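There are 2 protein chains.
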Amino acid sequence: MPHRSAKTPLRYELHPQLAADTHPLAAFELCDLRLMDDANYPWLILAPRIAGAHELCDLEAQARHRLSDEIDRVCRLLRDAFQPHKLNVAALGNLVPQLHVHVIARFDHDPAWPAPVWGRVAARPYSPEALVERINLLREGLLS
Amino acid sequence: MPHRSAKTPLRYELHPQLAADTHPLAAFELCDLRLMDDANYPWLILAPRIAGAHELCDLEAQARHRLSDEIDRVCRLLRDAFQPHKLNVAALGNLVPQLHVHVIARFDHDPAWPAPVWGRVAARPYSPEALVERINLLREGLLS
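Respectively, the protein sequence lines represent chains A and B. Just so it is clear: in the first sequence, position 124 is 124 by this note's numbering, and no numbers are missing. Just so it is clear: in the second sequence, position 127 is 127 by this note's numbering, and no numbers are missing.
Only chain A is shown next, with the shape it has when bound in the complex:
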């Protein structure tokens, strides 16, 4: 009977928790860009499509630099679309170990400021209308 050898390369699949918490926005060269379903903050997630990656140091230099470029693109997108007070960029993964990078536009009037967003206030899912509007705004920003 065939079995999965330790050397069988895993196929990349977005972690089901990330899939459940986010909406798809764009597919970059390395990462999927997704919108966190939390209207408290403009909050994006970059998920590199690399099977088995948990830490930044699991990436080869070329992929790391590509990830840096894609983070830069998302920082500029959020900065230009929202003029935030500060950007927060983080690869944590204590709950969802699959490598993913949060890029969050922060304002001094947002509900967690100045604390980091994680675990502060309950997520506030977008209404269908607000979701469509937000996704359209961000996709237009990516094209400009």
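Just so you know, the hints here were simulated from the structure itself, not pulled from any lab data. Be careful, since some hints might not be right.
Below, in silico cross-link-like pairs of lysine to aspartate or glutamate (DMTMM-like), each with a Cα-Cα straight-line distance of 20 Å or less [said to hold, decoys possible]: (1) K86(B) with E60(A); (2) K86(B) with D58(A); (3) K86(B) with D38(B); (4) K86(A) with D58(B); (5) K86(A) with E60(B); (6) K86(A) with D38(A); (7) K86(B) with E55(A); (8) K86(A) with E55(B).
In silico negatives: residues of chain A with every beta carbon more than 10 Å from chain B [claimed, not checked]: (9) H15; (10) P111; (11) L137.
If you're wondering where the values come from, they're calculated on a predicted model, not measured in any experiment. We treat Cβ as the ideally placed atom computed from N, Cα and C, and that holds for glycine.
Please arrange chain B on chain A, whose structure you already have, making use of the hints.
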């Protein structure tokens, strides 16, 4: 009377809050590497010596890639020295806007797990003996 023109380049200086909260460990090509004075976690800070940088996207591509390389080096240092359950890497800056990157070794028995470390428990400063031991361990790791 001479005055500072808007075009006068600012000289880089480590933000006084970061200087007060950390101990110097090493000077990399781009960043100063410093140890956060909190024995709750192996917690390092990379501070790029670039005047006026607040966001990752304030860096040119070459400096961003160098920063990625130095983050990689610090992740490997912490992984090899402490075998943590997870690494947390973050550029936040809500309180100290000068660009700096946290690299933290996390364990499922640490006092904030699985939450991010910021604002969870009071910092526990190193004793002088523990500080010397920790700095020696990390400097040896950097040399190996």
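Taking the hints in turn, this is what the structure says about them:
1. K86(B) with E60(A): holds (18 Å)
2. K86(B) with D58(A): holds (12 Å)
3. K86(B) with D38(B): holds (18 Å)
4. K86(A) with D58(B): Status holds; Cα separation ~12 Å.
5. K86(A) with E60(B): It holds: about 18 Å lies between the C-alpha atoms, which stays within 20 Å.
6. K86(A) with D38(A): Satisfied, since the Cα-Cα distance of roughly 18 Å is no more than 20 Å.
7. K86(B) with E55(A): holds (8 Å)
8. K86(A) with E55(B): holds (8 Å)
9. H15: Its Cβ never comes within 10 Å of chain B, the nearest being 14 Å, so this holds.
10. P111: Fine: 13 Å to the nearest Cβ keeps P111(A) off the interface.
11. L137: Holds, since 19 Å exceeds 10 Å.
Of the numbered hints listed earlier, not one is contradicted by the structure.
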